[in-house]
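What follows is the residue order along each chain.
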Amino acid sequence: MLSFILKRIGLAAVITVLAVSSLFLIVHMIPGDPVSTMLGPRATPEMRAALEARMGLDQPLVVQIGLFFANMLRGDLGMDVFSNRPVSEIVLGQVPYTLVLILVSITWSAVLGIALGCYSAIHRNSLGDRLTGILSVSVIAVPAFVVSLYSLLIFAVKLQWFPAIGAGDAGNWGDQLHHLVLPSLAIGLSWVGYIARLVRASMLEVMGEGHIRTARAFGLPERQIVFGYALRLAILPTVTVIGVGMGFLLSAAVFTEIVFSRPGLGKLVIDSITTRNYPVVMGSVLFSTLIFVASTTLADIVNAILDPRIRAGK
Amino acid sequence: MAVLDIRGLSVGYSTPRGELRALRDVSMMVPEGKIVGIVGESGCGKSTLISAIIRLMAPNARVGAGEVRFQGRDLLAETEAQMRALRGTQISMVFQDPMQTHNPVLTVGRQMMDIQYRERLSRAEKRQRAERMLALVGIPDPEARLNQYPFEFSGGMRQRIAIAMALMAKPALLIADEPTTALDATLEVEIIKRLRELQDEIGCGVLFISHHLGVIAELCDEVVVMYAGEVVETGSVRDVFHAPAHPYTRALLECDPGHIKVKTRVLPTIPGNIPDLVNLPGGCIFADRCERRHAACAARPAMALAGDGQRAACHLITERETA
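Taken in order, these protein sequences are the chains called B and L. Position 168 of the first sequence, counting from 1, maps to 168 under UniProt numbering, and the rest follow consecutively. Position 114 of the second sequence, counting from 1, maps to 114 under UniProt numbering, and the rest follow consecutively.
The set of hints was computed from the structure by calculation and includes no laboratory data. Treat the hints with care, as some may be off.
Using 20 Å as the maximum straight-line C-alpha spacing, the simulated SDA-like pairs for lysine to any residue come out as follows [as the list claims (entries may be wrong)]: (1) LYS126(L) x PRO221(B); (2) LYS34(L) x ASP200(L); (3) LYS170(L) x ARG216(B); (4) LYS126(L) x GLN224(B); (5) LYS193(L) x VAL237(L); (6) LYS34(L) x SER236(L); (7) LYS34(L) x THR89(L); (8) LYS126(L) x ASN147(L); (9) LYS34(L) x HIS211(L).
Which residues of chain L face chain B? A few of them, derived with a C-beta cut under 10 Å, are [as the list claims (entries may be wrong)]: (10) SER92; (11) HIS102; (12) LEU106; (13) THR107; (14) GLN111; (15) GLN148; (16) MET165; (17) ILE175; (18) LEU280.
Ideal Cβ placement from N, Cα and C applies to all residues, glycine included.
For reference, chain L alone in the conformation it holds in the complex:
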C-alpha cells in the first residue's frame, strides 16, 4: 500500500496576470518504506507539490482538483486541526537551507523538546530522546550540544539536527526538500548516507526532492520527473536513468555533468525556457523545447506504460507500440 498517493492534483496561484497554474493533473505515489525522488528544474512545481501535501501553502494558492491520500485519508479534506496533528508526527519535513531551519534564539535542545509537546513524557525523558536522536545522526557530545544555539553549529551539523528532529517522532512519511543543495559535496554524501541508514531503521516512506540527479540515483528507489507543473515520467531509478522514455528526462540526463564523458568547456543545456504557466500553450508541455516534436504533439499526451512500471507522458511511446 502507498503511504502517499496523489491523484490528479492541480494547484494554481492567483497573480495579477491571472492564474498561474503551478501544478496540473499531478499523480504520483510513495510506496510504504520506499524512497521516491522528485526531479525537475527550478519552477517545475516541486515546492508547490510539497506545500500542498502538508497544506502549508502560500495565501494566494488554490487547489483546483485532485486528492492527496495519506494512508488512505484525503489530506485536502482534513481540517486545519487534523492537519496540525499529522505534521511532525506522521509527516515530517526537512528543508533546503539548514541555516534558516532553526530558531536562532532558542537552544537546539529547547527546539527538539518543543516539537515533542504532544508526547506524555517528562522533560528529562524528552531531553534524553533528543539526545539519542542527535547521537544517531552523528553529532558528537550530544548532551552538551543540546544546550547550544543553532549559530554554534556548522551547516552540515544543522542539517543533521534537522533530520534528527524530523525522524524523532518516527513518521510514516518524510518529505525532504532539497536537503543537500545548500551543502558542499562531501557533506552531501554524508547526509545521504545517514538518511538512508535512518530510513532503513525507521522504515518510513521518503519523498526526496532534488535537482541533483546523482543524489537521486544514489538514494532513491523510484523517481518522478516533473516539468513545468506536470509529471512527465515515473518509474524505478534504474529504468528511468538507464532507459529514459521521455525526451525531457533524456535531455536532463544529458545535461548532468556526472553523465558527460567527453571533455568540454561548455556544459550542455536544454535550449528554450519553461513555458509561461499563466498562458499555457496547448498540447504537450515540453513540445517547444523537444528535439523530437512532431504533429501529434499538438495534443496533450497521456501517461503511457513505457516498460515494467515505467510510465511517461509522450506520444512517441504509443506511436512506437502501434508502429
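Pulled out of the complex, with its shape left as it was, chain B reads as follows:
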C-alpha cells in the first residue's frame, strides 16, 4: 500500500511539472506585454529594460521556466504587478474560498447522487427509477451558469432566502454556509444527475455478477448485499470520476464566483487576465492545477484502499 501511494505521488509530481511547463508556455503565447501594461505608454526604454531584467523576461524561455520552478519550490511566485504584494499571498488568500466551494458542491452531489443511483438500481424500471432517470438527464443538460443565474434570481432576488453576493463574514460559520448554498447548488446540481446515472449503471452491472448470486444463495440480508457487497465495487468508477470531476468543478467555479461575486480562484483568474497581471494569472492557474492533480491522486489512493486488486497492481 505504501509503495502504491509513493508511486502515485511521484507520478503526480511529474504531471505537475509537465502541466506547469505547458502553462508557462501558454501564458507566454498570450498576446500583450506585461512590461507595457505595468509601466504604461510613457515608459522610457531604460525603464522597460530594467523591469524586464528584474522579472527575468530578458532570459531565454528555458531559463525562465527553470527559474520559475526554482522560485516555486521556495514558495516565491513573484510579485503582483499592481499592488506589489507577493503573488503567493494573494492566491493563497483566495484558494480556501474555491476549495470550500468545490468540496461542499461535490460532497452534497455525491451523497445525493449515490443514494439516487442505488435507489434506481434496486428499483430498476420502477416509476421512481424512471423519474430519477429523467431528472438526472435534465440536470446534466443544464449548464452551471444557467443554474447560477436562475437560482440567484429565484432564491436570492425573488424569495430572498439566501444572500445574492459575497462569501459571508469572515469568522462567522453560519453566515458563510448561508452564502455557500446557492453557489454550491449551481455547481453541484448537474453532478447529482451524472453520479446517479453512473452509480445506477455500475450497481446494475455488479448486482448481476456471480458473487452477488453467491451472497444471495447464502441468505445474506439484502441490505448487506447491496451496501456491503455491491456498492463497495460499484463505487470504484464513481471515485475516479469525482477525482477527475474536480477539474470541471474548478472551471464551473469560475462562472459561479463571478455571478455571485464570491472571492475565489476563478474570480482572481478572470480579474488578472483582463488586467494582464501575468504573475497572478500564473499563480492562480498553478494552484488550480495543484488542486486538480491532488484530487485525481487522492481518488486513485481511495480506489486502492477500496480495491485490493489495484493495490496489488493487478
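Given the coordinates of chain B, work out where chain L should sit on it, guided by the hints.
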C-alpha cells in the same frame, strides 16, 4: 426419506416470442445422504431447476405447476424471509465458475464470517470455524489465508473455499452446479475427492449438476438424465450407465470420449438440435433426434419402470414388456 422431492415441476420464462417452457413436469428426488447427479446437455433446464429449488429465479421466470418438497416443506409456498433463512443454513450452493463466486474486494475471511451472521458466536469463534473449514478442504496455512483476497488464490483453491463455505453450516442439502467444469482435469479429480469425503462426514444430500459423465459416474449414487426440460431417465448410476433404457441416455453415453474404444478423428455427436422450447413439438420430446423413432412416439411417453428402481420415459420399455 428424501431431503429433496420435486414433483411435477414446470417452469417457464416469458420471452418476446412467447413462453419458453424450460421445465415441464419434472419429478426427481435426492434421498438423505445420497449424491444425485443431474446430467444433460446445455439448455436442458439444469440451471433453471436449481434456481427454482432455492427460489433465486430470473425475474421473467414463472412456476407453472408442481412442488419442491424440502424435508417435507413445499419451498414454492414459503415466504421470501423463510427461504432466506434456509439458504446457506439448510440448503447450500457451490457455483460453476470459482473466479466469479467471491466478492473481489473483501477478504476470504470476511466473507466466510459474514455468512455465519445468524450464528451466536463471537468474531473469534467465527474466524476459528472458517479456519477449520479451510483446513478441511486442504488450504495450507488457513489462518494467514483468511486475510487474503480472492484474487490471491488459484481457481482450484477458490472452488475449495466455495465448498468450505457451502459446507460450513452443515446443510441438509448441497447443490453443486457444475463445480468442476471451469477447472482442469487434475483439479477436477481432487475437488471430487474432497467433496465425497466431506459429504461422507456431514452426511448431507447432494444434488450434483454436470455434463461430464465421468464425474457423475465417479461421484454419484443416482443419476437423473434431463433432455430439453424433461426428465428422460432416472436410476442408480450403475444401472443407468451400464444399461441405459432411454435412447437419449444411450446416445449421450456413446458421445462421451471416455467411452469411445475405437481410435477416431471425429468425436460422435447426436444429430439434430434441441427442440424449440417456445413452440414445442407434440409427443416424445426426443423423437426428432431418436434412432428408434416409431409410430408410438407421436404421443408423450410416461415414465416407466425399466429395471430395479430405474425409470425412463420411452415407449420402447412398455412395448418390450407387452411384446
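Hint check results:
| no. | hint | in the structure |
| --- | --- | --- |
| 1 | LYS126(L) x PRO221(B) | holds (18 Å) |
| 2 | LYS34(L) x ASP200(L) | holds (9 Å) |
| 3 | LYS170(L) x ARG216(B) | holds (18 Å) |
| 4 | LYS126(L) x GLN224(B) | holds (18 Å) |
| 5 | LYS193(L) x VAL237(L) | holds (17 Å) |
| 6 | LYS34(L) x SER236(L) | holds (11 Å) |
| 7 | LYS34(L) x THR89(L) | holds (18 Å) |
| 8 | LYS126(L) x ASN147(L) | holds (14 Å) |
| 9 | LYS34(L) x HIS211(L) | holds (19 Å) |
| 10 | SER92 | holds (7 Å) |
| 11 | HIS102 | holds (5 Å) |
| 12 | LEU106 | holds (7 Å) |
| 13 | THR107 | holds (8 Å) |
| 14 | GLN111 | holds (8 Å) |
| 15 | GLN148 | holds (9 Å) |
| 16 | MET165 | holds (7 Å) |
| 17 | ILE175 | holds (9 Å) |
| 18 | LEU280 | violated (29 Å) |
The structure fails to meet hint 18 from the earlier list, while all remaining hints are met.
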